[in-house]
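*Asks:* Listed here are the chains, written in short residue letters.
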Amino acid sequence: MSDKIKKQKVVFLAVILILSCLFFLAEGIAANAGSGHNVSGWAWSSNIGWISFNSDNCDPDNNGFSNGASGCPAAGTAITNYGGNFDPNTGEMSGFAWSNNIGWIKLNPTSEFPGNPAYGAKLDKISGIISGWIRACAGMSGGTCLGAARDDGWDGWIKMTTSGLHSVSVGVNSLSVSGLAVNFIDLCSFGLRPAFRWNFSGSSQCDFSGSAWGDDVVGWISFSSKNFPGASTPYGVFSRMGGAQVAYQVQVAYDVGFTSIVADSGKQESSSNLWAPAAPLPSYNTTYYWRLKAWSACGATDWVNGGTISAPAHAYPVPNFNWSPKPIISAEPANFIDLSVCVGGCTGWAWAFPGSASPPASNAQNPVITFSAKTSGNATLTATDSLGYACSTSKNIIVIDPLPKWKEITPF
Amino acid sequence: MKKRAIFIILVVSVVIVIACALAIFFTEKGKFVFSYGKAVAGLSANEALLILDYGGKERWFKGEVVENMTAENVFMAASSAGLSFSDGASISIDGFFDTGQTKWQCYLSGKVITKNLSVQKIRPKDKIICKYQKID
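Chains V and E, in that order, are what the protein sequence lines are. When we follow my numbering, the leftmost residue of the first sequence carries the number 26, and every step to the right adds one. When we follow my numbering, the leftmost residue of the second sequence carries the number 425, and every step to the right adds one.
No lab work stands behind these hints, which were simulated from the structure alone. No experiment lies behind these values; they were computed from the predicted model shown. Glycine is no exception: its CB is placed at the ideal position from the N, C-alpha and C atoms. All clues stand as given, with none of them false.
Reference listing, derived: stretches of chain E covered by chain V, where coverage requires no fewer than 3 residues with Cβ under 8 Å from a Cβ of chain V:
#1 475 to 486
#2 497 to 504
Pair ranges (Cβ atoms, derived):
#3 E:G480 - V:S349: 28 to 36 Å
#4 V:N360 - E:K539: 17 to 25 Å
#5 E:I442 - V:A398: 55 to 63 Å
#6 E:R428 - V:T435: 45 to 53 Å
#7 V:F215 - E:G534: 42 to 50 Å
#8 V:N360 - E:G519: 20 to 28 Å
#9 V:K430 - E:I559: 30 to 38 Å
One chain only, chain V, in its complex shape:
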């Protein structure tokens, strides 16, 4: 009986061991597999030297062997496909970087964080700052990127942003907006409600800057030679995560200096290239100035002036009309009554009638129309004011057959 239990224990441990190996193997594959990593370039640590963020640094022809460049394994050494990645939606990093001295550095550790924030490296797409942690796998027992911390005091943790002064961030390489345009959506229906449009284009490459910090072995890791003006060897880490717009802000003001703002979208996290304020602009006969700021995952543009938009001298006409009788009776005259409102009074009326109307159109203010047969359709009035501002409205009218003659009867 006890032998049987022992055998069962052995089998159980064997299964656990095999599963662990498979898990480790899978992790190893994930570390090295796949192409199209969108983070590349080099970082530098005075303690551990070059850190490569993409296998194409040492294997630019992607033939699977190192070219032996500085910081790379010896020429001809087999090299796996690895790299860092930004998720363009969440800003979360993943993948691995490589150091000849300390080996793999995992960019998205998931547990046992030594302090806040308790997550792997992550980009705030608005501020451009990368926070969170990355971890040298050599800092863990067995260097597996899976085990517990070593027992000699080095845990491999590297903090991307330690304070406001020491942070890693992704900056704008080249962002631009073009095709800025504005128009009033519909002065008749919505008054002074403008729609602002633009096109956004951003560089596919976003440069890292700043430094991360790892206690003990690693020390400072510089992500760009720009951290050291005059550095003899230019280097840097960059991302090709794309230059799509992730946010925008539109402001409208009375003055070109934008000291008197009348509408402000605020920072909208959106890829939209159109903004229409919920409320109309406050005043007619006024020139407004507008400007735009847009963000990609890399950073923001400066304010870009959109020019001016001139409000018309006064409100557009509000066309309206009524008629009698209702419904209209064919072969009998129908009276159409203009009820339009124009600033300073309406000066022109253009009517259009459906079906068998006679006349089918009129420029009288209050036309009398006769329909020769029953019909149903829209009558349309366009009212015009003294400045030529014109607006239209349509209403459905019903024309019925001639009324039958009723007769009076004696109450029952």
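Using the hints provided, position chain E relative to the given structure of chain V.
*Replies:* Using the frame of chain V, we list chain E on its own:
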């Protein structure tokens, strides 16, 4: 046994008579309810009925209903039979118009017409009753 049957018949009869009397007494339009029965019998399939109650005097009109006809059209059609009607700020029928104390209240098949007469559609067999009554 025979006396008991007669007694039951008498009680049932009395109850029916009382119920009818209450219906007539408490139903403001009871008079018209009974009139309707006769009126329905007098309408052809595509006709409707207009009853005007001036308070002590009534005028009845009937005629054909055409497609999309409204209550206002009914008055216009009845004007061909000598009815004087206008529907401006208030209704005026045969010189009786809305005042602070009395007004015209119209019903369509027993229900108060709340819409404007120019949009209240009329169908065959409808009965329009307008009463010149005191405002509550």
